[in-house]
Amino acid sequence: MSKNKVTIMKVCFTAKGTTLDALMEERFGRAPYFIIIESGTGSFEAIQNPFADGGGGVGPKAAQVLIANNVNALVSGQVGGNAQEVLAAAGIAMYTYRTGKSVRDAFDQFTKKTLEQSA
Amino acid sequence: MKLAIASGKGGTGKSMVAANLAFTLAWTGPVTLVDCDVEEPNLHLFFPAIASTREVTMPVPVIDETACQHCGKCGEFCQYGALTVLPNRILLFPELCHSCGGCTLVCPNDAIHEEPKRIGTLSVSNPQPGLKLISGTLDTGSPHAVPVIREAKNQAAHDPCVILDTAPGTSCPVVEALDGCDACILVTESTPLGLHDLQLAMDVAARLGIPAGVVINRSDGKDEETLRFCIDHDLEVMMTIPFSREIAAIQNRGDLLCRARPEWQKDFCSLFFKCRALTGVER
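Read top to bottom, the protein sequences are chains D and Z. Under the numbering used here, the first sequence has 118 at position 118, and the numbering climbs by one with no breaks. Under the numbering used here, the second sequence has 9 at position 9, and the numbering climbs by one with no breaks.
Read the hints as simulated data drawn from the structure, not as lab findings. Source: prediction; values computed, not measured. A virtual CB, placed ideally from N, CA and C, is assigned to each residue, including glycine. Careful, some of the hints might be misleading.
Which bits of chain D does chain Z cover? Going by a derived footprint, with three or more residues having C-beta under 8 angstroms, they are [to be verified]:
1) 37 to 43
2) 86 to 98
Over the 12 angstroms line for every Cβ pair with chain D, so calculated as not near, a few chain Z residues [claimed, not checked]:
3) 29
4) 54
5) 76
6) 160
7) 276
Bound-form chain D, shown alone:
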């Protein structure tokens, strides 16, 4: 491996399951799982979104989960206005992924920098 200093970045992906082979979930606030991958090491953890079935205001609540986990960037299909405001205020970069394939594919595209930054 490279001896150069690697910047570790925590990237969150909205997913339908708990593994890298899980399908990406298009919605942010109501995504069943958040899969957080460390871009430097490739290690990941899956967090169940406690607000997936919430009544309302789930966007800002879900954004707080990302803030609490020190996430630097989010890859999702669609992020609502309120959630965007919170994520932007917290300095979390947002990228759009709508191909509907696996978290692995989304991560791959993220590392290749082919994803469009939405905010």
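Following the hints, put chain Z in place on chain D, whose structure we already have.
For chain Z alone, kept in the frame of chain D given last:
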């Protein structure tokens, strides 16, 4: 007597039934007609009159930035995501707030107080002798129909005979309007959608413990399926209004069936007596 007019499906004729019922009953005693369809109130179209209007507000938090220590307690407490606390910033989304007041209680620094935020208006008019019309109107862009409906109902709280026209569907605004009513008329039409949504509305009324009866509107005479459904579910069909070009024309010019065709008044009187019989409540 508080009588609600509901329907699962939109456009079945709730407002038509409510307006004609109120118009007819107002000749015999004081009646209050409450338009609880605050996202699309329309009863004032049948009863043009000069109304007195006031604002409806709900309390929302205001943060004193100098006192806030960004401890995050309010954000953790808020079930609606209206407050998000970052390490050095607090974000407020007033449109998500449900005015529970919890944030003001949990704040250890007294940094939160509440101020009224306008969400709609309430209009009261007396369009004909004996008739009071109360219309709630939700402001465009405001998501909080329920407090406006509550305010409209409060305005009629001490009136002897209240007819409430609800929103279509079965969601919170309908539940709020039905809550506390003595009886409920479910207006339906003899279509598959009408029947499907009648069942939903019937379930809501049953869960709220409100006795209900059915009015079939725009009947083409082929109501067998609806009639069978009503028999199976012990719902009385209290009135059937035929599908008629003439009735449609009366409605379309903003007139009332019972004003244009006074012979219909006895049918609406009879409808009211049947509703009263559902509950046993004296008017």
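Hints and how they fare:
no., hint, in the structure
1, 37 to 43, "violated (count 0)"
2, 86 to 98, "holds (count 3)"
3, 29, "holds (42 angstroms)"
4, 54, "holds (28 angstroms)"
5, 76, "violated (9 angstroms)"
6, 160, "holds (37 angstroms)"
7, 276, "holds (37 angstroms)"
Hint violations for this structure: numbers 1, 5, all remaining hints satisfied.
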